[in-house]
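Number of protein chains: 2
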Amino acid sequence: MFKILKTEGLARRGSFITPHGEIQTPVFMNVGTQAAIKGGLDAFDLHNIGCQVELSNTYHLHLRPGEDLIKKLGGLHKFMRWDRPILTDSGGFQVFSLAKLRKISEDGVSFNSHIDGRRIFMSPEDSMRIQSYLGSDIAMAFDECVENPSPYEYVKESCERTYRWLERCKAELAKLNSREDAVNPGQVLFGINQGGTYAELRIEHMKRIAELDLPGYAIGGLAVGEPTAVMYDILDHLSIIAPNDKPRYLMGVGTPSNIIEGVARGIDFFDCVMPARNARHGHFFTKAGIINIKNKKYEDDESPIDDTCCCYTCRNFSRAYLRHLFKAEEMLAMRLGVLHNLTFYNNLAKEIRDAIDQGNFEEYRNEYSSLLSQRI
Amino acid sequence: MFKILKTEGLARRGSFITPHGEIQTPVFMNVGTQAAIKGGLDAFDLHNIGCQVELSNTYHLHLRPGEDLIKKLGGLHKFMRWDRPILTDSGGFQVFSLAKLRKISEDGVSFNSHIDGRRIFMSPEDSMRIQSYLGSDIAMAFDECVENPSPYEYVKESCERTYRWLERCKAELAKLNSREDAVNPGQVLFGINQGGTYAELRIEHMKRIAELDLPGYAIGGLAVGEPTAVMYDILDHLSIIAPNDKPRYLMGVGTPSNIIEGVARGIDFFDCVMPARNARHGHFFTKAGIINIKNKKYEDDESPIDDTCCCYTCRNFSRAYLRHLFKAEEMLAMRLGVLHNLTFYNNLAKEIRDAIDQGNFEEYRNEYSSLLSQRI
Numbered sequence: 003m004f005k006i007l008k009t010e011g012l013a014r015r016g017s018f019i020t021p022h023g024e025i026q027t028p029v030f031m032n033v034g035t036q037a038a039i040k041g042g043l044d045a046f047d048l049h050n051i052g053c054q055v056e057l058s059n060t061y062h063l064h065l066r067p068g069e070d071l072i073k074k075l076g077g078l079h080k081f082m083r084w085d086r087p088i089l090t091d092s093g094g095f096q097v098f099s100l101a102k103l104r105k106i107s108e109d110g111v112s113f114n115s116h117i118d119g120r121r122i123f124m125s126p127e128d129s130m131r132i133q134s135y136l137g138s139d140i141a142m143a144f145d146e147c148v149e150n151p152s153p154y155e156y157v158k159e160s161c162e163r164t165y166r167w168l169e170r171c172k173a174e175l176a177k178l179n180s181r182e183d184a185v186n187p188g189q190v191l192f193g194i195n196q197g198g199t200y201a202e203l204r205i206e207h208m209k210r211i212a213e214l215d216l217p218g219y220a221i222g223g224l225a226v227g228e229p230t231a232v233m234y235d236i237l238d239h240l241s242i243i244a245p246n247d248k249p250r251y252l253m254g255v256g257t258p259s260n261i262i263e264g265v266a267r268g269i270d271f272f273d274c275v276m277p278a279r280n281a282r283h284g285h286f287f288t289k290a291g292i293i294n295i296k297n298k299k300y301e302d303d304e305s306p307i308d309d310t311c312c313c314y315t316c317r318n319f320s321r322a323y324l325r326h327l328f329k330a331e332e333m334l335a336m337r338l339g340v341l342h343n344l345t346f347y348n349n350l351a352k353e354i355r356d357a358i359d360q361g362n363f364e365e366y367r368n369e370y371s372s373l374l375s376q377r378i
Numbered sequence: 003m004f005k006i007l008k009t010e011g012l013a014r015r016g017s018f019i020t021p022h023g024e025i026q027t028p029v030f031m032n033v034g035t036q037a038a039i040k041g042g043l044d045a046f047d048l049h050n051i052g053c054q055v056e057l058s059n060t061y062h063l064h065l066r067p068g069e070d071l072i073k074k075l076g077g078l079h080k081f082m083r084w085d086r087p088i089l090t091d092s093g094g095f096q097v098f099s100l101a102k103l104r105k106i107s108e109d110g111v112s113f114n115s116h117i118d119g120r121r122i123f124m125s126p127e128d129s130m131r132i133q134s135y136l137g138s139d140i141a142m143a144f145d146e147c148v149e150n151p152s153p154y155e156y157v158k159e160s161c162e163r164t165y166r167w168l169e170r171c172k173a174e175l176a177k178l179n180s181r182e183d184a185v186n187p188g189q190v191l192f193g194i195n196q197g198g199t200y201a202e203l204r205i206e207h208m209k210r211i212a213e214l215d216l217p218g219y220a221i222g223g224l225a226v227g228e229p230t231a232v233m234y235d236i237l238d239h240l241s242i243i244a245p246n247d248k249p250r251y252l253m254g255v256g257t258p259s260n261i262i263e264g265v266a267r268g269i270d271f272f273d274c275v276m277p278a279r280n281a282r283h284g285h286f287f288t289k290a291g292i293i294n295i296k297n298k299k300y301e302d303d304e305s306p307i308d309d310t311c312c313c314y315t316c317r318n319f320s321r322a323y324l325r326h327l328f329k330a331e332e333m334l335a336m337r338l339g340v341l342h343n344l345t346f347y348n349n350l351a352k353e354i355r356d357a358i359d360q361g362n363f364e365e366y367r368n369e370y371s372s373l374l375s376q377r378i
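Chains F and A are the protein sequences, given in the same order. For the first sequence, the tail end lands on 378 under the working numbering, and the numbers increase by one without skipping. For the second sequence, the tail end lands on 378 under the working numbering, and the numbers increase by one without skipping.
If you're looking for bench data, these hints aren't it; they were derived computationally from the structure. C-beta: ideal position from N, C-alpha, C; glycine also. Mixed in with the good hints, there may be bad ones.
Mimicking EDC-like on lysine to aspartate or glutamate, the simulated pairs with C-alpha atoms at most 16 angstroms apart in a straight line are [claimed, not checked]:
hint, chain 1, residue 1, chain 2, residue 2
1, F, K329, A, D118
2, A, K172, A, D128
3, A, K73, F, D303
4, A, K74, F, E301
5, F, K73, A, E301
6, F, K80, A, E149
7, A, K8, A, E353
8, F, K73, A, D303
9, A, K80, F, D302
10, A, K73, F, E301
11, A, K80, F, E301
12, F, K73, A, E304
13, F, K80, A, D303
14, A, K73, F, D118
15, F, K74, A, D303
16, F, K74, A, E304
17, F, K73, A, D247
18, F, K80, A, E304
19, A, K8, A, D247
20, A, K209, A, E169
21, A, K80, F, D303
22, F, K74, A, D302
23, F, K74, F, E182
24, A, K329, F, D118
Per the computed footprint, the stretches of chain F lying under chain A, defined by three or more beta-carbons under 8 angstroms from a beta-carbon of chain A, are [as the list claims (entries may be wrong)]:
hint, stretch
25, 37-49
26, 73-81
27, 256-267
28, 301-308
29, 329-335
Simulated restraints on C-beta separations [what the hints assert, rightly or not]:
hint, chain 1, residue 1, chain 2, residue 2, range
30, F, D70, A, N50, 31 to 39 angstroms
31, F, D302, A, D109, 44 to 52 angstroms
32, A, P187, F, F46, 35 to 43 angstroms
Let's have the full structure, built from the sequences with the hints guiding it.
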């Protein structure tokens with residue numbers, strides 16, 4: 003299912019087969035929280051910007067419109083008209099970051115909906131049922147994502163519970179997807195490594211979850227408050243003991259530089275809301291850093307955001323026009339901005355893949371960091 | 003410049019040549035107030051939905067980003083990447099509907115910006131300068147748009163002033179567009195008929211402005227409070243005396259039925275914010291009337307908004323998905339909705355042209371009204 007095609011140092015060039023096609027790794031997955039991409043992009047826009055994997059959020063879709071409806075309508079792919087791979091997160095991260103008055107027990111988590119405040123309970127089995135009904139290609143284990151830093155003892159206990167939850171997830175998803183009416187019987191489960199900023203707990207937890215022989219492993223609970231150096235240190239430790247023949251997914255990370263450094267530490271999958279969120283504030287990614295389009299100096303600038311970029315926005319519109327759209331608060335500003343930033347991230351992943359293919363990833367990595375040190 | 007190709011009763015099938023190409027009439031113009039279409043559509047989207055004329059607002063563009071900047075950047079066409087005809091309104095309507103603390107004199111109007119409250123003065127000459135700098139193909143005269151009903155004496159005086167303003171507009175625009183640095187030297191001026199709901203004043207005013215021999219005439223100040231029957235009655239009167247060889251533009255109107263009835267009374271140009279505004283509230287046009295996509299009954303409806311519609315939205319997405327996008331407040335909801343409703347309006351105008359071409363406009367008109375009497 004996962005094939006490593008080439009390596010350079012710890013960097014891996016791979017391919018992962020799903021029921022909706024092959025994913026070339028390293029890959030950046032594009033976030034479509036509620037089965038739509040922020041900024042007014044649809045599934046066909048995703049095709050056009052080179053997206054390989056769309057990522058939807060179990061927590062959000064459970065609240066609205068509900069997994070029963072999506073199952074009835076044939077699953078998420080059909081619902082949003084995306085025929086390539088979809089990964090769904092487990093809801094764990096959102097329950098711990100968005101929901102209110104959360105109460106955790108061995109059984110699961112109860113919390114208040116961030117939309118209407120109604121009380122909701124979600125267990126590992128619930129998360130699996132929702133994801134099975136959504137019919138994503140990759141389901142994520144239901145875990146507890148602790149904030150960094152958290153006390154050692156709490157993180158240790160949490161890791162143990164997350165491990166027990168993972169066993170329950172594995173058993174439940176296998177049961178669900180062997181049912182005759184399963185939306186996507188080929189759906190697979192990725193486990194999630196936790197352990198906060200404690201290398202010892204991270205390693206111990208990774209060893210235990212590796213024994214479950216899942217089709218992929220994610221690293222969760224990083225880039226949630228700790229310094230970047232700590233994150234890289236954890237990745238260095240994990241790169242040695244994470245199963246080599248399985249894809250590795252660094253959840254919710256990060257800047258272009260974080261992604262390159264993640265690849266250099268053996269990571270294959272990434273996702274992040276940063277490109278879309280930045281775009282919505284008029285912050286555009288270029289190889290030489292982020293530009294803020296609202297800056298007065300772009301007022302009469304007829305050049306594109308980035309003249310080396312081949313995205314729809316850069317091929318057609320000037321910085322001056324984009325600045326106007328942002329100042330005038332036109333929705334089109336968001337759309338053109340998100341199209342640029344997501345293209346930038348998808349291209350970044352492609353450049354990384356090409357570099358590994360050609361055996362010059364290390365060169366690419368150095369070149370990129372020297373570019374980033376020049377500011378526009 | 004304006005050629006009538008065919009008539010059926012008072013309905014006219016025509017062609018109007020502008021510096022940015024030919025307009026087939028009757029035409030529905032698509033509103034892009036701030037040089038962008040609400041809902042996140044750009045100029046290429048307009049091409050794709052069959053838009054012939056984009057309409058931008060002088061008042062809004064004067065406030066933001068300013069006509070000097072747009073002139074410096076080569077005009078509105080280049081700025082927003084739209085290479086077909088553009089009509090700009092004069093700002094008159096917005097000054098009277100949006101701006102605050104307005105004070106009118108023979109010279110012009112002073113008012114407070116609806117954005118930052120700063121005091122602004124706009125004369126007929128100012129409006130012409132702004133429109134000349136924007137470089138639209140059709141500039142509109144600066145007029146006073148009175149609300150309906152208004153006292154006879156006030157409307158009479160206002161009409162006289164609007165006439166004097168029109169003379170000033172004509173002289174000023176000719177001067178501006180003969181300058182060497184004119185953005186669009188082929189820009190033409192349309193006069194605007196006023197007179198509130200008083201047929202006598204309407205007729206008198208139309209006769210006077212007709213003497214100025216302008217390339218086109220608009221009817222302003224209708225659909226601003228009076229009953230539809232009153233509007234049709236005014237149109238009946240004007241259809242007899244408006245210059246026959248000039249295009250006639252009914253400003254800011256209206257429903258599909260208003261447009262068909264306008265055509266039946268000799269109108270050639272229409273514009274309205276209704277399709278985009280309705281779309282943003284989840285109200286979609288179909289031949290059998292408006293459907294409200296937020297209605298519970300569409301929750302699991304896998305059919306398109308309108309299965310006879312060939313728009314991007316109807317070709318690709320279900321009512322169930324659109325309903326979800328609206329309930330989840332995704333920007334994509336607006337975009338897909340506006341794409342549908344504007345396509346509906348552009349198609350309506352095309353069907354009207356085809357019907358006149360084929361000599362069965364009257365049949366089309368009857369069929370449409372019987373369709374509208376059936377509700378979904």
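Cross-check of the supplied hints:
1. K329/F x D118/A: 13 angstroms, holds
2. K172/A x D128/A: Roughly 12 angstroms separates the two Cα atoms, so the pair holds.
3. K73/A x D303/F: The given pair, whose Cα atoms are some 13 angstroms apart, holds under the 16 angstroms limit.
4. K74/A x E301/F: Measuring from Cα to Cα gives roughly 11 angstroms; hence the hint holds.
5. K73/F x E301/A: Holds - the C-alpha atoms of E301/A and K73/F are around 13 angstroms apart, at most 16 angstroms.
6. K80/F x E149/A: 50 angstroms, violated
7. K8/A x E353/A: 15 angstroms, holds
8. K73/F x D303/A: 13 angstroms, holds
9. K80/A x D302/F: Holds, at roughly 13 angstroms.
10. K73/A x E301/F: 13 angstroms, holds
11. K80/A x E301/F: Holds. K80/A to E301/F sits at ~15 angstroms (cutoff 16 angstroms).
12. K73/F x E304/A: 13 angstroms, holds
13. K80/F x D303/A: Cα-Cα ~13 angstroms, so holds.
14. K73/A x D118/F: 49 angstroms, violated
15. K74/F x D303/A: 11 angstroms, holds
16. K74/F x E304/A: Distance of about 10 angstroms is within 16 angstroms: holds.
17. K73/F x D247/A: Violated, because 60 angstroms separates the two Cα atoms, which is more than 16 angstroms.
18. K80/F x E304/A: At roughly 10 angstroms apart (the allowed maximum being 16 angstroms), E304/A and K80/F satisfy the hint.
19. K8/A x D247/A: The given pair, whose Cα atoms are some 12 angstroms apart, holds under the 16 angstroms limit.
20. K209/A x E169/A: It holds: about 14 angstroms lies between the C-alpha atoms, which stays within 16 angstroms.
21. K80/A x D303/F: Holds, at about 13 angstroms.
22. K74/F x D302/A: 8 angstroms, holds
23. K74/F x E182/F: Since the Cα atoms of K74/F and E182/F sit roughly 14 angstroms apart, the hinted pair holds (cutoff 16 angstroms).
24. K329/A x D118/F: 13 angstroms, holds
25. 37-49: holds (count 9)
26. 73-81: With 3 residues in contact (Cβ-Cβ under 8 angstroms with chain A), the coverage given for the stretch 73-81 of chain F holds.
27. 256-267: violated (count 0)
28. 301-308: holds (count 3)
29. 329-335: holds (count 6)
30. D70/F x N50/A: 31 to 39 angstroms: 36 angstroms, holds
31. D302/F x D109/A: 44 to 52 angstroms: Since the Cβ atoms of D302/F and D109/A sit about 31 angstroms apart, the hinted range of 44 to 52 angstroms is violated.
32. P187/A x F46/F: 35 to 43 angstroms: Given range 35 to 43 angstroms: holds, Cβ gap about 41 angstroms.
Checked against the numbered hints given earlier, the structure breaks hints 6, 14, 17, 27 and 31 and satisfies all the rest.
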